[in-house]
Amino acid sequence: MLARIVVLVVAVFLARAYVVLPIHLRGTSMLPTYQDGGVNFVNRLAYARSEPKRGDVVAIRLAGQSVMYLKRIVGLPGDTVAFHKGHLLINGAVVEEPYLNSGCDWEIPPETLAPNLYYVVGDNRSMPEKLHEKGKTPRQRIVGRVLW
Amino acid sequence: MKKPVRLILAVAVIGLAIWGWRVWFPGPQNAIRARLLKLARTVSVEPGEGAIPRGLKAQSLGDYFTADVVINLEARGFDTRELQGRDELMQAVMGAMQHVRGLKVEFLDINVTLDAGDQSAVANLTGKATVEGERDFEVQEFNFKLKLVDRTWLIYRIDTVKTLSQTTALRPSQVPVGL
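Those protein sequence lines, which keep their order, are chains A and B. Once you know that position 75 of the first sequence is 180 in my numbering, the rest is easy, because the numbers rise by one and skip nothing. Once you know that position 120 of the second sequence is 181 in my numbering, the rest is easy, because the numbers rise by one and skip nothing.
Keep in mind that the hints were calculated from the coordinates and are not lab data. Because the structure is a prediction, the values reported are computed rather than measured. Here a beta-carbon is modelled for each residue, glycine too, at the ideal position from N, C-alpha and C. Treat the hints with care, since some could be wrong.
[What the hints assert, rightly or not] Distance windows between CB atoms, simulated:
(1) B/M155 / A/S155: 46 to 56 Å
(2) B/I75 / A/G183: 46 to 56 Å
(3) B/M155 / A/P127: 37 to 47 Å
(4) B/F139 / A/E216: 20 to 30 Å
Excised from the complex, chain A in its bound form (with noise of 0.2 Å):
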């Protein structure tokens, strides 16, 4: 019986160590796809065998993991980024997200990412772009991509 306790804290403490990371969602930058107060896990593993990919929504580290944002990738290394008039434009092109359902009236002016950088965004538009946090983020930032 001790055995079995003791493999079973053993197999949670790693999974959550390298596997999944539980998550309470705080906060309504990820309206309407996630609600304040939700459950979710993060998937560590998910880019072990490949890079992130536009769209996916992925937990960001701070200074570590007890609080993390979590945000969609809207652009990838490379890429040039900009809003005009709410649409997010990728190299110049309006990308439609179908995610989204408010519209807004952000501008930001054009930025090429640089290599490792990727560009994340909440999918709540409604609030004032400049209470919304957004940006940049380098690759070991991300810590891995929610499961559902």
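Got chain A sorted already, so can you dock chain B onto it with the hints?
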């Protein structure tokens, strides 16, 4: 005594010994972490805490900073502000402490990088502030720069880290183990 019980007891004793060693003989990194955690408790305000205890706590902040400390605050949605000197900092904190009902400040994920001579250090951390009665909290990443003065680690500079405005890849020392 059964073998598994003896094994668990042995592990517990070893764990206790390691914990005790770290408490009584902390290395520079643990000493800095402990000091920053104490600072977070000092700037936190209990809901029923009176004006005098709040004032005393603000006064005690002087123990954590050098006289010429510089603090750059660039939080999203707020104006950029720079505080120069311990006196200006203490006045600002005292003013803020008197106006909040309650405030819980936490420093999470403290990553300490020491210089070669162990005389100065950078602590990269996440600051979390929860105002009493509010469900949401604010988070911000910071770099605290410290130096050893008379065997005490004092903060001489605090910079806001713009987590999502990175212009270059992270330095290897900024990447925590496990990522």
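Hint-by-hint comparison with the structure:
1. B/M155 / A/S155: 46 to 56 Å: Taking Cβ atoms as reference, B/M155 and A/S155 lie about 52 Å apart, which means the hint holds.
2. B/I75 / A/G183: 46 to 56 Å: For B/I75 and A/G183 the Cβ distance comes to about 52 Å; the hint holds.
3. B/M155 / A/P127: 37 to 47 Å: 40 Å, holds
4. B/F139 / A/E216: 20 to 30 Å: 23 Å, holds
Of the hints listed earlier, there is not a single one the structure fails to meet.
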